[in-house]
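*Asks:* Residue numbers (our numbering), protein chains in the order written: chain A, 1 to 369; chain B, 1 to 276; chain C, 1 to 525.
Hints were generated in silico from the structure; no laboratory data involved. All clues stand as given, with none of them false.
Within a straight-line C-alpha distance of at most 27 Å, the following computed DSSO-like cross-link-like pairs (lysine-lysine) qualify:
1. B/LYS115 - A/LYS177
2. A/LYS333 - B/LYS115
3. A/LYS268 - A/LYS141
4. B/LYS74 - C/LYS193
5. A/LYS141 - A/LYS326
6. A/LYS180 - B/LYS115
7. A/LYS178 - B/LYS115
8. A/LYS123 - A/LYS285
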Amino acid sequence: MNKRTILSLGATFLSLFAVNSHADYALNLKAPATEIAGQIYGLHMLILWVCVAIFVVVFSLMFYSILKHRKSVGHKAAQFHENHWLEVIWTIIPVIILVCMAYPATKTILAMKDTSAEDMSIKITGSQWKWAYDYLDQDVKFISTLSTPQDQIENKAEKGENYLLEVDNPMVVPVGKKVKLLITSQDVNHAWWIPEFGVKQDAIPGFVKEVWIRVEQPGVYRGQCAELCGKAHGYMPIVVEAKPEAEYQTWVAAQKDAAAAADAGADKEWVMDELVTAGKAVYEKNCAVCHGATGAGIPPAFPAMTGSTVANGPVEGHIDILLNGKNIMPAWKDVLNDTDIAAVIAYERNALGNSTGDFAQPSAVKAAR
Amino acid sequence: MSQNTNNYYLPAPSLWPLIASIALFLMAGGFAMQMNDIASGNYVLLAGILVFVYLLYGWFKEVIKESISGFYNKQVDTSFRWGMGWFIFSEVMFFAGFFGALFYIRTFALDWISKSTLVWPNFVATWPTSGPAATEALEAMGPWGLPAINTLILLVSGATLTYAHWGLMKENRKQIIIGLALTIALGSIFLYLQAHEYAEAAFTMDSGIYGSTFYLFTGFHGLHVAMGTIMLAIILFRILKGHFSAHNHFGFEAVAWYWHFVDVVWLFLFVFVYWL
Amino acid sequence: MSTTTATHHDDHGHPTGIMRWVASTNHKDIGTLYLWFSFFMFMFAGALALGIRAELFQPGLQFLEPENFNRLTTLHGLIMIFGAIMPAFVGFANWMIPLMIGTSDLAFPRLNNMSFWLMVPAAILLVGSIFVPGGAMAGGWTMYPPLSVQNPSMGVDMSILALHILGVSSIVGSINIITTILNMRAPGMTLMKMPLFVWTWLITAFLLIASMPVLAGALTMLLTDRHFGTAFFDAAGGGDPVLFQHVFWFFGHPEVYIMILPAFGLISTIIPTFARKPLFGYASMVYATAAIALLSFVVWAHHMFTTGMPVAGQLFFMYSTMLISIPTGVKVFNWVATMWRGSMTFETPMLFSIAVVFLFTIGGFSGLVLAVLPVDIQLQDTYYVVAHFHYVLFSGAAMSIMGAVYYWLPKWTGHMYNETLGKWHFWLTTIAFNITFFPMHFTGLAGMPRRIPDYALQFAEFNMISTIGAFALGISQLLFLYVVVKCIKGGPKAAANPWEGAEGLEWTVPSPAPFHTFETPPTVK
Ligand code: HEA
Ligand code: HEA
Ligand code: CUA
Ligand SMILES: [Cu+2]
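Excised from the complex, chain A in its bound form:
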C-alpha cells in the first residue's frame, strides 16, 4: 500500500463523519438540469422516504420484539398464529401506498415519451467505442471519443479532474430548445446517458429510438455509456455542452467552416510525410483501441497491423477494408473524411513496423467511395 492509498483511506473514513468536507462526494442523484430529471429526482425522494418510513415501522416492531420477547428475559411464547383482519389490512395499505407512487410515475413516463414538437434533431450513433453525432437539420457531423490520456489510465500520470469523463468533441445543444435525440448503434448495444438530463437510452443496432431533452441551464454535462459494449465500455464517455442560442449558432458556423476546409484538403495533392504525420493522430484516436498503439493488435480477435497482409498489400484492398469494414472491423465511410482515411492508410503502410513506401491520395479514397 503506497502513501496515497493510505491517505485516501484515511480521508474516506473521515468523510463518513463529515459528509460535506469532500467536494465531489455524492450520496444522491445528480442535480437535475431538465424538467424530466427534476421529476425523477422528486420521485426518487418520495419513494425513498416512503420506504424508509415503512422500514422504520416494521423493524422497530421487530427489534422491540427481539428486546422484550426473548427467552432470557423470561418471556413466554404466545401461541397465536393467525389474524385475518391484520393480514387483510397489511395487504391493503401497501396497495394504497403503491398507487400513490405509481400515479406520479405514470405522469412522468408519459411526459418522457412525448417526442413531438421538437425544435431540432440530432442523430446519435454509438459504436465501439465512440459516439457519432449528426445534426440532422444542420449538416454538422462529428465523432466524439475519450480524451483522457492513456498515461493517466495506466497510473503513469496524475489523473485530471474529469478523468474518464472528458471527450475531444462534445455534443453541443442550445439551451431551452426541445432537442429530439435519435439514438442508434453500428455494432453492439450501447446506451447514451447523461444523468443530469434524466435520459438513458440503449443504442440498438438497426433500430432508431427517440428521446428528447430540453436543457435549462448552460453548462457542461457528463455521462458514460451505460450498456456493456466490450472491452472499452468503461472508456466511452459522453459530454454535452449546453450553450445559449447565440453561442450555439457561432459553434455551428465554426463546425461548418472546419468541414469545408477538410473537403478542400481532399482535392489537394499531399506528400507522404505530411499524410503519415496526420495519420498518426487519426490512428491513435480511432484505431489504437483495437490494433494497439504500436500496431501489435490483440490477436486472435484484433489483427496486428505490423506485417499485416492488407497493410502491406495492394493499396486498393487497404482502402476497401477501411471504407467498408469487415466483420468486427467497423466501416469508416461515414465516420472519417477522405483526408483522414488517406492519412491513416499512409501511416499504417509506412509506420508501425511497415514500410511499403506507397500511399494513396485522398482523391483516390474519394473515388473509391
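Place chains B and C with the ligands on chain A using the hints.
*Replies:* For chains B and C with the ligands alone, coordinates are given in the frame of chain A:
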C-alpha cells in the same frame, strides 16, 4: 420379490448417471470444438453420441427389467405419470419460447425496423421477409403442398396410435401391432417429406429471419418427431416381446402422450410458420 | 439401521469409497454432494469477485486488462447463480424434503444423481472456458447479443453449452422434486400441512420447469446466430437484439425468485423454531409464495426499461413489478409477527434469519425504487442495481443458506457446531457484507456504471470501502468452512431434536440421520 410392491422401489446404486454426465460432456465439448473448426471436435462429438446411445440402451434396459420384474407398485407408476407430465410441460415451454419470439418479431420488431428510416430508408415490414439488408427476393414455403400433406400424416398418425391403444386395452395383439406399425410408418414418411422439403427449399438458414425461424422451429420439431418415432419403435419391439398388459403399460402411454404433444406443436407450426 | 433396510429389495448395506458418491441413489448423499459442490463454487466465484474488487480498489487500471475484467464479472455472476446458489437449494431439497414429508427418498433416485453429476461437466466447461485461446465469455451473465455474437471465442460456446447442461440438470431435478412432493407424502401429510420449505420448493420447481426451457431456447438462438447464419438478433436480417433480452428475462426474472423462494422457506422454518411459536399466517405464506411465482412471469421487462419499449409496455411492466411488493411484504410482516410475543433465543441460525429479514427488505426496497420506471432510467446499469441484487442475493439467498446449514448441521453430522465460532461468522459476515455493498447505493446514485474496470475520481472513496469490505467478507467465509469441517469431524453429540422449539418429521429421526429413513412412512395426524 413381488412382495416388495408394498414399498416404494428404491434402485440400487447405479453408474448410469455418471455415464450420462460423461456423454453430455463429450457431446458439448465436441460440439464446441466442432463449431470452432477444431478438427478433432467431430470425433469427440461422435464419441459422446455413442456413449449417449449406449446409455439410453443400458439405462432403459435396466428400467424395463425392473418394470417387468414387478418392482414398480402403484405409487411408482403415479410418479412416472407426474414425471412424464411435467417433462412434457417443460417441452411446451421450450416451444412456447420460440413461438413467443416469432410473434414478437412479426408484430413488433419488423414494424420498428421499418420505422427506423434513418438506418433502413426503404424497408417495408411484410411477412415473410429476410430483412432490410436482403439483396434477393425471398421465396417462402407455401402451406398447401407438402406441409398440408404432412399435417394430414401427423393427424392420422395420432389416430392410428389411439387405435393401437384401444388394442392394448382389449389385449388385442394384432390391433396393437398394426396400429403401432402404421404410426411408425407415418412418422417416418413425415420425416422423409420434411427432409425432402428442406432439400427443395429455395432459402436457407441464413436467409434472414424467415429462414432462421423456419429452420430452427421445424428443425426442432423434426428432431422431436424422430425421437418419438424411435421411442414408438422401441414400444413396438416391447409389445412383440409381450411386455405390456391392459392395466400395466405406462411406457406405452408415456410415448403416446409425447406423440400427441408433438402433433399439437406441428399444428401450431403449420398455422404460424407455414400458413399465416 | 438394519431394521430400516430389511424391506429393501436388494440393498446389502451401502457402498463405500468413491462408488458411494458417484453411483449414489441416496438423497442424503446426493444432497451432501450438492452442498459441497455449491460451497466450492461459492469460493471460486467469490475469489473472482475479489479480483473485481481488487481492480476497483482505486481508479486507473491496476492489474487486469479491461476484457479480463469483463470475463471476471461474467463468470462471477454465472457461477454464483448457477453454481453456488441454485445447487445449494437443491442440496437442501435433497436432504430435507424426504425427511420433512416422511418418505424414503426422492421419486427418481437415479435421475437425482444424474442431476447432480450433470453439474460437474457444466462446471468444467464454464471454468475451462477461461483457458481456451479466445478466453471466457465477457458479455456479462446476461450475454446480450450482438456483443456475445460478436465475440469469436470458443469460450462463449462452452459457456452456452454449459448452461444448456445446467438447464437439463435443473429441469430433471425439478421434475423429481415436484413428483416427490405431489406423490410421496406420508399418509396424513396434506398439502396444507406441509412444512413451508416444501411448499416453496414445490413452487420453485414449477418456476424452474417453466422458465429453464425458455432459457434453452434463447441460448439456442444465440448459438445459431453465432455459428449457423441465423438472424434472430440481427436487424439486418429482420431480427432484433432486444428479442434476446425479452426471452432471456422471461427466464431471468423467475430465476431470481427461484433463488429467493427456497430462502423464504428456510427462514419460515427457522424463525418459528427459535421464537418457540408457530409460523404466523401459514396459509397466507403459501398464497403469497404462489402469487410471487405467478407474478414473476409478467414482470420481466423491468430489466429493459431503457431499451425504449412502447409506453404501454413500460407502464404494464412497471405496475406488475410494483405489485410483487405486496405478497413479499406479506411474508416480511408474517415473519415479524411470528417473532412477536415469542420466546426468542438467538443461536446462529436465528441470527442469520433475522439478518436476512432485515437486509433482504433493504434489497427489496431498492428493487421497488428500481421498479419505478423513471427512477430506473437513472439507475439501470449502475452500481445501484449491483447493490440491489447483492442485498437480495447475498443477504437474502446466501445468508439464509448459511443459517440453514447451521440449523441442520446437527441433523446431518450428529454433532453440534461451535456456537461461539458460528456467531463470530455471523457478525463478521453481516458487518463485512454491509461495508461492501451499502456504499454501492451511493456510487450508483452518483452515476457509476456497472461492468467497468475503471472509474471517475468522484467514486474513489466508496469503491475503496467496498473493496476492503469484500476482502473481509471473503475471509469470514473461511471461518464458515472451518466451523463446518470441525462439526463434521466431531463435537458434542446432538440429540434427535437439538432445538427446543423445532417441529417437523426431520427431528423425529436420530441425529445423524440414518442412511435410510422412513422406509415405512410415518403417519401424520
Ligand atoms: C433473489 C433475487 C432477487 C429478488 C428477490 C429481487 C426482487 C425484486 N427486484 Fe430485483 N434483481 C435481481 C435479483 C432479485 N430481485 C438481480 C440479480 C437483478 C440484476 C440483474 C442484472 O441485470 O444483472 C435485479 C434487477 C432488478 C431490476 C432492474 C434494474 C435494472 O437493471 O435497471 C428491477 C427493476 O424493477 C428489480 C426490481 C425488483 C423488485 C421490485 C423486487 C421485489 O420482489 C422486491 C419486493 C420486496 C419488498 C418491496 C420489500 C418487502 C416489502 C414490504 C416490507 C412491504 C411494504 C412495502 C411497500 C408496499 C412499499 N430488480
Ligand atoms: C448469488 C449471487 C452472488 C453472490 C453471493 C455475490 C457475491 C459477491 N459479489 Fe457479486 N454479482 C452477482 C452475484 C453474486 N455476487 C451477479 C449476478 C453479478 C452480475 C454480473 C454481471 O454483471 O454480469 C455480480 C456482480 C458483482 C459486481 C459488479 C461487477 C461489475 O459490474 O463489473 C461486484 C463488484 O463489486 C460484485 C462483488 C461481489 C462480492 C465482493 C461478493 C462477495 O460476497 C464474495 C465474498 C467472497 C468470497 C465468498 C470468497 C471466499 C474465498 C476466499 C477468501 C478464499 C479464496 C479462495 C480461493 C482462491 C480458492 N459482484
Ligand atoms: Cu458503449 Cu458501453
Ligand atoms: Cu427482475
